[in-house]
Each structure stands twice: as structure tokens, then as C-alpha cells.
Amino acid sequence: MVISPALLIPLAAVLGLAVLLVRLGRIPFGYNVRNLVVRWKTTLVTALAFTLVIALLTVMMAFVNGMYGLTDNSGNPANVIVLSEGATDEVFSNLQFTDAGELENHPDVVRWDGRPMCSREAYLVVNQPIPDAPPGRPKRRFLQLRGIDDPEISARIHGLSLYDGGQWFSTAGVRQLPGDSADAGAAPAIEVVLGEGIARELSRDRRAEAMPAARHGQRLDVGEVFALGNRKWLVAGVMKSAGSTFDSEVWAKRSIIGPMFGKETYTSLVLQAGDGAAAARLKDFLNLEYKKAAVQSLLEEEYFASLSQTNRQFLVAVIFVAVVMAIGGVFGVMNTMFAAISQRTKDIGVLRLLGFARWQILVSFLIESLVIGLAGGLLGCALGSLCDGWTANSIVSSPQGGTGKFVVLVMDVDANTVLLGVLLSAGMAVLGGLLPAVSSVRLRPLEALR
Amino acid sequence: MRFLVLIIKNIRRNLVRSALTSLGTIVLVFVVTLVWAILSFLDAAMAEKSQDFKGIVTERWRLPSQMPFAYAASLCAGAASQPGDVRPDDSMTWQFYGGTVDPDKRTRENSLFAIATDPSKLRTMMDELDSLPPDDAARLDEAIAKMQQNRQGIILGKDRLASLNKRVGERIKLYGINYRDIDLELEIVGSFPESRYDNTAVIHRDYLLASLDAYERQTGKPHPLADKTLNLVWLRVPDTETFGKVANQILTSPSYSSPAVKFETAASGIATFLEAYRDLIWGMRWLLAPAILITLSLVISNAISISVRERQTELAVLKVLGFRPWQILTLVLGEALLIGVGSGLCSALATFVTINYVLGGIKFPIAFFGAFYIPAEAILWGVSVGLVTAWIGSIVPAWSAQKVKVSEVFAKVA
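Chains as they are written, first to last, in our numbering: chain V, 7 to 456; chain A, 120 to 533.
Hint data in this document are derived by calculation from the structure and do not stem from the laboratory.
Mixed in with the good hints, there may be bad ones.
[Unchecked claim] Label-pair restraints from in silico Cβ distances:
{"id": "1", "chain 1": "V", "residue 1": "THR397", "chain 2": "A", "residue 2": "GLN446", "range": "34 to 44 Å"}
{"id": "2", "chain 1": "A", "residue 1": "ALA163", "chain 2": "V", "residue 2": "THR397", "range": "55 to 65 Å"}
{"id": "3", "chain 1": "V", "residue 1": "PHE103", "chain 2": "A", "residue 2": "SER376", "range": "48 to 58 Å"}
{"id": "4", "chain 1": "A", "residue 1": "SER169", "chain 2": "V", "residue 2": "THR397", "range": "30 to 40 Å"}
{"id": "5", "chain 1": "A", "residue 1": "GLN446", "chain 2": "V", "residue 2": "LEU441", "range": "50 to 60 Å"}
{"id": "6", "chain 1": "V", "residue 1": "GLU308", "chain 2": "A", "residue 2": "LEU406", "range": "30 to 40 Å"}
{"id": "7", "chain 1": "A", "residue 1": "SER526", "chain 2": "V", "residue 2": "VAL356", "range": "23 to 33 Å"}
[To be verified] Calculated lysine-lysine pairs in the DSS-like style (CA-CA distance at most 27 Å, straight line):
{"id": "8", "chain 1": "A", "residue 1": "LYS340", "chain 2": "V", "residue 2": "LYS297"}
{"id": "9", "chain 1": "A", "residue 1": "LYS381", "chain 2": "A", "residue 2": "LYS364"}
{"id": "10", "chain 1": "V", "residue 1": "LYS238", "chain 2": "A", "residue 2": "LYS168"}
{"id": "11", "chain 1": "V", "residue 1": "LYS352", "chain 2": "A", "residue 2": "LYS531"}
{"id": "12", "chain 1": "A", "residue 1": "LYS168", "chain 2": "V", "residue 2": "LYS145"}
{"id": "13", "chain 1": "V", "residue 1": "LYS269", "chain 2": "A", "residue 2": "LYS128"}
{"id": "14", "chain 1": "A", "residue 1": "LYS224", "chain 2": "A", "residue 2": "LYS128"}
{"id": "15", "chain 1": "A", "residue 1": "LYS438", "chain 2": "A", "residue 2": "LYS531"}
{"id": "16", "chain 1": "V", "residue 1": "LYS246", "chain 2": "V", "residue 2": "LYS297"}
{"id": "17", "chain 1": "V", "residue 1": "LYS145", "chain 2": "A", "residue 2": "LYS524"}
{"id": "18", "chain 1": "V", "residue 1": "LYS47", "chain 2": "A", "residue 2": "LYS347"}
{"id": "19", "chain 1": "V", "residue 1": "LYS47", "chain 2": "A", "residue 2": "LYS265"}
{"id": "20", "chain 1": "A", "residue 1": "LYS265", "chain 2": "A", "residue 2": "LYS277"}
{"id": "21", "chain 1": "V", "residue 1": "LYS352", "chain 2": "A", "residue 2": "LYS524"}
{"id": "22", "chain 1": "V", "residue 1": "LYS145", "chain 2": "A", "residue 2": "LYS347"}
{"id": "23", "chain 1": "V", "residue 1": "LYS269", "chain 2": "A", "residue 2": "LYS347"}
{"id": "24", "chain 1": "A", "residue 1": "LYS340", "chain 2": "A", "residue 2": "LYS285"}
{"id": "25", "chain 1": "A", "residue 1": "LYS292", "chain 2": "A", "residue 2": "LYS364"}
{"id": "26", "chain 1": "A", "residue 1": "LYS522", "chain 2": "V", "residue 2": "LYS298"}
{"id": "27", "chain 1": "V", "residue 1": "LYS298", "chain 2": "A", "residue 2": "LYS340"}
{"id": "28", "chain 1": "A", "residue 1": "LYS168", "chain 2": "A", "residue 2": "LYS438"}
{"id": "29", "chain 1": "A", "residue 1": "LYS381", "chain 2": "V", "residue 2": "LYS47"}
{"id": "30", "chain 1": "A", "residue 1": "LYS285", "chain 2": "A", "residue 2": "LYS265"}
{"id": "31", "chain 1": "V", "residue 1": "LYS145", "chain 2": "V", "residue 2": "LYS269"}
{"id": "32", "chain 1": "A", "residue 1": "LYS168", "chain 2": "A", "residue 2": "LYS224"}
{"id": "33", "chain 1": "A", "residue 1": "LYS224", "chain 2": "V", "residue 2": "LYS298"}
{"id": "34", "chain 1": "V", "residue 1": "LYS269", "chain 2": "V", "residue 2": "LYS298"}
{"id": "35", "chain 1": "V", "residue 1": "LYS47", "chain 2": "V", "residue 2": "LYS269"}
{"id": "36", "chain 1": "A", "residue 1": "LYS292", "chain 2": "V", "residue 2": "LYS297"}
{"id": "37", "chain 1": "V", "residue 1": "LYS47", "chain 2": "A", "residue 2": "LYS285"}
{"id": "38", "chain 1": "A", "residue 1": "LYS128", "chain 2": "A", "residue 2": "LYS381"}
{"id": "39", "chain 1": "A", "residue 1": "LYS438", "chain 2": "A", "residue 2": "LYS524"}
{"id": "40", "chain 1": "A", "residue 1": "LYS522", "chain 2": "A", "residue 2": "LYS128"}
Virtual Cβ for every residue (Gly too), placed ideally from N, Cα, C.
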């Protein structure tokens, strides 16, 4: 659990204020609580407004956290991604086969089982017609394919493994399905491994009659088949890819899917160096000294971090909506507190006559406002936290544009989100309570009692 | 009328409370108007039309679509090759050229993606540019005429001009990003009227094609993208029947086999693209907007409840004076509805003017839409939201107000 330093200062301020108010306040805290209980309807309605605002903030932040989780966690610090020079995105990159052979033999690229740790990849986005699309829903979806030469090497480089029962696609990359006869001219099915997110998405296309036989109710699983580009595609395995951009990808043999969809070159090479320092050295070499091919290289972490443009835009939108809604909530709590003061004018007069100072009355009303705000806010955080772990579709993209990557993200309610919710509710409560509290201290005791 | 005067007097009696409730309503109607403006635009973009609509021809399988330019002429004719074949009413080709004015330090600000097309099609084929106010239309027509005379012309949206720090009449050199080594020397011949095209750039397709030819002459080999330069073709058709016939002509034509192409309505294409945002749009529609409306109802309900509680004696007096329960209910409801409707109207009007004319639209990153504008019907939304939330928020307090028991209230006072 890591708390952002940017939240620590306001947190310290709120905690300090709360402690100060309780320490300085001479009016018993129980008096405030009893007043809130007596006016329970108003208290409840005001707290519910806080609950909704904070719950919404929590859900929206969980969505943005999920997006940041994808871009921040997808890279390996020892990996270097190589694209063709000028390519704004993998999809626009073209690397020749000869370049790959040259680059993977660089001394900084580590070897495994005698093979260089180089993932040769062709990333492409294709249109997949959706069979039996329900009315009002799109008839096609964009499917992200990654053509791979050696799935075992690529999986090691990207730190991915398969769920039990799965296997990487074979060297041929195709397999004859039991019901299809090669003699009758049926093309063999293309073997694929699926990211978990896209396996879930593709399972929506299952017909009702296929459901009883499905090994996994929530996603396509090993042995199932889907259609794309006039071919059948057989699921050989499902990757444990949650939380990475690979979660929404379909991996297959590059030499089959490249020509099928008109991508005759690699789009990217991912080279694994011994560690972060070696990776940085390799990146610099490729960017500054390597002249045999026009390439650009980035540390894989930098590449995925560069895909956070949409995240930032969504974050700004979330903050904007939350702040505007919070302002609406502030007006609500102001109404409540003004009403509380007008109903307790005589109480205030008595308190003043009993010797309580103006500022002590101000503190008392602020505490009351804070209690409403924090109770509503904490309930909102709890309600919003229910979305933790939900999955959602989105896009991540870089500032340079391009198509971006279609991703399945896992919504994440972290400590910072909860803290932000608590701080916002406290801020709303203090802002909403301050003006009424100030007005309460301006009452003259005798006038108040009249 | 007397009732209305009484309602207004009651609202004015506690100005602070009325103002706070009104401000709360204004703020929350503002957010809900923004959300609904985005959703209604997306819904409209995805809604299939039956008359005078556009279809898109793109590569069948791959994204981004990259077709040979040789497809352009026949696709613009809807692949009509036989007597009796139907042709689209109009057409437009798009080629995307990405460039930067600073190749050494490329940023979002100094880069742009331009649509290379036939400039004469801008006013007939691009949404909203065919129905511009006369002044804007005249200025754009002038820019188009200049571009037709000077194929090195470029028309830019105002945000793009600002980010490049350029003005109409100045020249820029774009260094190719996707078309490597294809650098274009351009003169800014005009700008788009303030609209969804604030971030758009359009160049003459002939200049791009000529530059690709020049590359081949200089290097002795075609540019790597020379046979993939056509990204999409727009076709305007009068009705769904024509669309079906044109689609059949295109899909059965042997001319488009490598790569194969598809023809779909613009609405269908947009819907596919927006599928990636499905959950975000769902959240905006079914979580965000309802939560705002409920919050607004709570704020109004709170204010009206307080008001009713404070006025128990007065309500009892009204009953003694002969007011019927339904009249008291109407009185309390009327206060809430007047505040709700008035604030909703003010908020929607202010949102409409501020977003459309001051801020130049909502810059929200959904798909390829640069900015979203507040439609005129949003003013009706504001009134409706104010009305409905005020009714929901005040019905319970108003009901309790009309049930005030005179004897109980006076017993307490005594």
C-alpha cells in the first residue's frame, strides 16, 4: 500500500485540523452527535449526497487507476522495444527480417536455451465480424493480433504464462480440427493463445447451445474455436495476462497471420538485456550508433508509459466532474448547517451565556459538518470500493496519436483513491460548514435568546 | 396568479437557502448537461439513417485501412461498371498524412495529422460544413478556392493554428512522420470556422501524390507507402436501397481483392470504433448521470424539508385560513419547481453559451471526435432536469406539509 506524497500534505492538514478542533473545542462532542441524531432526516439526506459524490469519484478513479495499472505495469525494465524510425505506434512500424537477425545478436541481448532473447512480433488490428450480433450492437469488433515467431521466447520476455491445460501454439501454427477433413479441402484451424480479457470478450459470441459444453463459463478456453477472416481459429491456451496490455491480444504464428492480413514485415522487436543498465546501454546504442537500419528504440517501460495520454485526459475529466459535483454537495451541506444554526439560535445564546467563546461555537459547528461529511464520504468510499476488481474496456494511446491499444483493464480502488475520497469529503464538509459556522458566532447572546 | 406571488414571496423569504439550492442545481445541471451532450452526440453518430447518408469504404480486415490509390476512381463511382449499376450522389477520398514542423523534437503541439483530399469536396461531404452560416461559408469557400489554385495550400482549425503558433498566410514545412522522407512545404490559406474541426488540417491530395511521385523519381524506387496511400473513401447515397446496391457492386467487384475492402454506413463504422469505449459510455449513461440526478434531488429535498419543518406554524395558519391540503401541497411543490426549473434553465443556457462560444466545445478524448458541443435541445434538458429532480426532491416534504395537523402545531406553540 503506497500513499502518494501529493496526498500526504492535505491528509496531514485534515488530521491536524480534526485533532485541533477536538482538542480546542470545549463544547462536548456528544452534544454535536446528539444534534445530528435529533435532526436525523436532514443529516441522512446530506450524508447521502456526500456518499453519492464520493462513491462516484471512487469508481471513476478506479477506472483511471486501472488504465495507469496497464501502462505502468506492462513493461519489463530489462526489455528494449525496437520500432522503425518515425513510427508513432507499433501498428505503423515496419522492420525488415534482416534487421531482426542483426539486432538480436547484439552482445547485450541475453540468451536462453542457446537462443537470443528477442521477441519478433507483428502487431496488427483486424476487423472481426461478430456472429449473431444483437440488434443495436456493432456487427464487428477490432481484434488485436500479435504474430509471434517463437511463443516460448516471447512469453519469457514478456513474463507471461498459460493457465493450466493450455499450450503455446505449435511450430506449424495450425492444426486440423477433428471434424474438418483436409482431403475435403478444409483449411486447418489457426492455433492461438488468448489474453484473458479478450478470451472473456470473445466468449460473448458463444451460442446458447455451446454453453453447456464450455469448460469455462466466463471466457473461451482451450479447444474452443472462433471465426475470423474466413478461417477457424483454435484456442491452444489462455495467458495469465490480467493487468497488462497483452490481456486483450490474440497471439498466433506470425508467418501465417502476417501474410493473411497483409503485414509482411515485423512491427517490433523486443530485446531482453541482462538488467536495466544493460537495457539502457542497448537502447542508446540503437538510437545513436546503429546505422544499418532506420530504427528507434525505447525501454519497454518508457514505451508503455508513453501510452498514458488517454489516462491523463480521463484523469483530468474525472477531477473536473468530481470537483463540480463536490461544489454541488457543498451547497447542500451549507443549507443543512444554516438550518441547524437557525433551529438552534437559542442554544447558541445559552452557550454564549454559559461562557463559551465565539470560536468554540464555530469549532462545534465545524465538527458537526465534518462528522456528516466524513460519515457520508466513508460510506461513499465503501460503496465505490465494490467496483474493485471489475473489468472494463478502454483504450490507451500516446500523445503522438495513432490508433492506440484496445485494452481490458482491471478497476483498482487503491489506498490513494480511498484517501482522496476521504479528503474530498472532509474538504466539502469544511467548506460547506465554515460559512454557516461563521454566521453562528456573529449572533449576540441576548438577541439569540429573544 | 396569487398563488405564484405567494410562491415567489416564500422563495424570497429565505434568500440564502433559495440561493444555495439554486446554485447546487445550477452546478449539477451543468455536469449532467455536459454528460448528456457527449452521449447524445455519440448516439446520433451511431444512429443509422435511411435517407441521404454516408458510407465508408475501407480495407476489409486491417486497421488502419491502407488501400492502393488506384482504387480511388472506381470506388468513388461506387464500382459501377455495367449499364444499370447505381452510382453514389457524391464521394470523397481521405489519405492521412502525419507531419511535424520540428523533426528533432516532435511534440503533440508541433505535429499534426492532415487529411489529404480533393478540396472541392470539403463543403459537400464533411458534416456541418455544408450548412455553415453565410459569413463562415464565404470564408471557407475562399480558402478552398485558394487551395484549388495552389495545391500546396493547407486549411487548419483554430486550435491547430494556435498550437503551431501560426496565422493564415504564413508558411510551414511539415516533415513526414508516417510518410517518411515525404516533406511538404505548405501555405496556410485559411482556417475552418469554429466547430468540431478546430483540430483538423486538410491538404490537397494532388500535392501528396505528386510528392510520392517525386520520391520515386529521386530514389529510383517507389515510396514504401505508395501503394497503400488511400485510407478511406466516403460515398454519399440517397437511401438504404441505393446503399445496398452500391455495397453489392463494391463487394462483388474483382477489382478490390488485394486488399479486400468493405463498405459500411458511417454509423456502423463509428459504432465499431466506439465499442472500445463501451464500458466508459455505459458508466456515463447509467452511473454518472443518474448519480448526479439523485444528488441533485437530495440537495433539493434537503432544502425543502428544512423549509417545511421551519414553517409548520405558518402552514397550520394557512389551513386555519381555509387553504386546502392540495393547495398547501401545490404551494410547497411550486417553490421547489420554480427554483428547479429556473436554475435548470439558467444552467443549461449558461452551459450552452460558455461551452460552445467561449471554450470551443468539450475536449473529451473519446475516439476521433475532437470536441463535443452542447446542442440547442440541452436548454430543454436543463428545464426538464430541474423540473423532475425538484418534483422528486420535494414531493415527500410537500406531502408532509399538507398533512400538518393544526391542533398539534398550536399545542406545541402554546
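task: Compare the distance between the alpha carbons of LYS340/A and LYS285/A with 27 Å, and conclude whether the hinted pair is satisfied.
output: Not satisfied, since the Cα-Cα distance of roughly 35 Å exceeds 27 Å.
query: Given the hint that LYS352/V pairs with LYS531/A, does the C-alpha gap stay at or below 27 Å?
result: holds, 17 Å
message: Check whether the Cα positions of LYS47/V and LYS269/V lie no farther apart than 27 Å.
response: Violated, at about 66 Å.
- request: Please test the hint of 48 to 58 Å on the beta carbon pair from PHE103/V and SER376/A.
  value: violated, 26 Å
message: Please verify whether LYS47/V and LYS265/A have alpha carbons no more than 27 Å apart.
response: Answer violated: LYS47/V to LYS265/A is near 69 Å, above 27 Å.
Proposed proximity, LYS531/A with LYS438/A (alpha carbon, max 27 Å): holds, 16 Å
message: Given the hinted pair LYS269/V and LYS347/A, is their Cα-Cα distance within 27 Å?
response: Distance ~12 Å between LYS269/V and LYS347/A Cα, so the pair holds.
task: Confirm or reject the claim that GLN446/A and LEU441/V have a C-beta distance inside 50 to 60 Å.
output: At 35 Å between Cβs, range violated.
query: Between LYS381/A and LYS364/A, is the straight-line Cα distance small enough, at 27 Å or below?
result: holds, 13 Å
- request: Compare the distance between the alpha carbons of LYS168/A and LYS224/A with 27 Å, and conclude whether the hinted pair is satisfied.
  value: Between LYS168/A and LYS224/A the Cα gap is close to 44 Å, so the pair fails against 27 Å, i.e. violated.
query: Does LYS298/V lie within 27 Å of LYS522/A when you go C-alpha to C-alpha?
result: violated, 89 Å
- prompt: Is it true that the CA of LYS128/A sits at most 27 Å from the CA of LYS381/A?
  reply: Outside the cut-off at roughly 66 Å; violated.
The structure fails hints 1, 2, 3, 5, 10, 13, 14, 16, 17, 18, 19, 24, 25, 26, 28, 29, 32, 35, 37, 38 (numbered hints given earlier, in ascending order).
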